[in-house]
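K.L.:
Everything in the sequence shown is counted per my numbering, starting at 1271 for the first residue and increasing by one.
Mixed in with the good hints, there may be bad ones.
What the hints assert, rightly or not - Computed beta-carbon distance windows for the label pairs:
(1) Ile1476 with Ser1389: 34 to 40 Å
(2) Gly1317 with Lys1433: 19 to 25 Å
(3) Gln1415 with Pro1331: 31 to 37 Å
(4) Thr1496 with Lys1287: 38 to 44 Å
(5) Gln1288 with Ser1389: 25 to 31 Å
(6) Gly1423 with Lys1374: 41 to 47 Å
Bear in mind the hints are in silico, worked out from the structure with no lab data behind them.
Note that beta-carbon positions come from the ideal geometry of N, C-alpha and C, so glycine has one too.
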Amino acid sequence: MVKFAASIICANQLELKQELQKLENAHIDMLHCDIMDGVFVNNLGMGPYVIEQIKEYTKIPLDLHFATVDPEKFIKLFLYIKPEYISFHAETTEDYCKIINLIKGSGIKASIAISPETSVNVIKDVLKDIDMILMMTVNPGFAGQVFRKDVLGKIRQVKEICKKNNNNNPLIEVDGNINEKTIPDVINAGADVLVLGTSSIFNNKINDYSHYVKKIKDSINQILQTQAADK
């Protein structure tokens, strides 16, 4: 079953309570929270106090995405919040196991994020140890970028590696210009979690999140039914 993660940094920050309520009503599965340091990416993201208040207000599980250098230092600042998932970027450390153990040792599911230019081969040895892989279809840092179709092949590659090596089949989350036009491609490639941002649910033209999510779910169900019929 495909899950939806709403990129909360893209929501109307002046009406965050109302936005969270609308997302709950739409049965969003996770809140994707971007923590950015201005170093690994040229932008700043969300701090622990804001995310702590979000967790206190909503029951939607949190999915924290660390686009930062020194992931160990930044992750430690957020461990007390106890999100569902924490993703760190493969490009920011050589000791994946240390960061994975830090995350999982706190009872949190571990995920590794991969930027568009990064080969999936760098995480082959730890696929059995992680719960999710975050595949970026744009460069991390800013919304509104062009969808990178070349990442679709990498999603398929990860699926094949996990199948061939009998890994624990981590979820594949896809983030970056995910909308009605790109969703069929990422679903056919094997995505399990879709991050919805400014090009989809937080588009200024969309007011009824429940109707929008239902429309996407209906289209995905058609894709999955077609896949099942072709097997």
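K.L.:
Look at each hint and say if it fits the structure.
P.N.:
How the hints compare with the structure:
1. Against the hinted window of 34 to 40 Å, the Cβ-Cβ separation of Ile1476 and Ser1389 comes to about 36 Å, which satisfies the hint.
2. A beta carbon spacing of about 39 Å between Gly1317 and Lys1433 contradicts the range 19 to 25 Å that was offered as a hint.
3. In this structure the supplied range 31 to 37 Å is violated for Gln1415 paired with Pro1331, their Cβ-Cβ distance being about 26 Å.
4. The supplied range of 38 to 44 Å is met by Thr1496 and Lys1287, whose beta-carbon atoms lie about 39 Å from each other.
5. As the Cβ distance of Gln1288 to Ser1389 is approximately 42 Å, the hint placing it in 25 to 31 Å is violated.
6. For the pair Gly1423 and Lys1374, the supplied restraint of 41 to 47 Å is violated, since their beta-carbon distance comes to about 29 Å.
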